[in-house]
Amino acid sequence: EPEVTQTPSHQVTQMGQEVILRCVPISNHLYFYWYRQILGQKVEFLVSFYNNEISEKSEIFDDQFSVERPDGSNFTLKIRSTKLEDSAMYFCASSEAVGGGYGYTFGSGTRLTVV
Amino acid sequence: RKEVEQDPGPFNVPEGATVAFNCTYSNSASQSFFWYRQDCRKEPKLLMSVYSSGNEDGRFTAQLNRASQYISLLIRDSKLSDSATYLCVVNVNTDKLIFGTGTRLQVFP
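Protein chains in written order, with this note's numbering: chain A, 1 to 115; chain B, 1 to 109.
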């Protein structure tokens with residue numbers, strides 16, 4: 001079964017440092033997403049990406065965050081200057097079609113710990 | 001009011017029991033509805049989509065009441081392997097999924 005692959009599985013970083021979280025979506029999927037889940041809280045939408053541009057973003061996705069599809073297979077989330085409150089599980093997802101929420105596949109996540 | 005509201009539980013039930021989870025959503029424009037399952041520190045995985053007519057997948061039955069903005073999930077003959085957090089998820093015909101906080105189920109022998 002096709003998978004969304006995320007690396008690293010766990011990253012520890014110092015406050016103020018930049019981090020890049022990496023994702024390889026399913027190869028024939030065209031729509032890509034980042035979600036995050038702070039420990040003990042709900043899964044929250046960050047951003048969706050299609051055709052090399054952001055199609056929707058949440059209030060959480062401020063100027064500290066950016067996304068990129070640098071080479072046609074990877075999809076990255078960059079946090080420019082990490083804060084303690086950025087500590088969370090970050091899930092990448094992809095889908096074949098947009099709208100309706102159908103056909104999503106989530107990756108296994110990157111646990112980001114900011115110290 | 002929360003966009004998607006669920007009883008956090010935990011629900012502790014013996015093997016073989018029937019258990020029901022409820023969920024309410026606030027946006028009447030919501031178009032699509034799902035139940036996801038999340039194991040501890042793992043990614044959400046789709047359990048089933050929820051349709052207005054109600055739908056069943058083996059031991060799992062989902063119901064949607066659009067008028068009351070209410071979604072339910074019934075699990076019959078609970079197994080130990082059903083222990084997880086069950087997430088109610090809606091979509092308002094945009095790209096994003098809106099998650100509830102989840103209901104934790106613990107099935108004991």
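Treat each hint with caution, since some may be false.
[To be verified] Chain A is nowhere near these chain B residues, computed Cβ spacing over 10 Å in every case:
1. S28
2. N55
3. I98
4. Q106
[Stated by the list, open to error] Among chain A residues calculated to face chain B with C-beta under 7 Å, some are:
5. V43
6. S55
7. G100
8. S108
Derived by calculation from the structure, the hints in this document are not laboratory data. Here the structure is a predicted model, which is why all the values come from computation and not from measurement. A virtual CB, placed ideally from N, CA and C, is assigned to each residue, including glycine.
Task: Unsatisfied constraints (hint numbers, rising) - done: Violated hint: only 3; rest satisfied.
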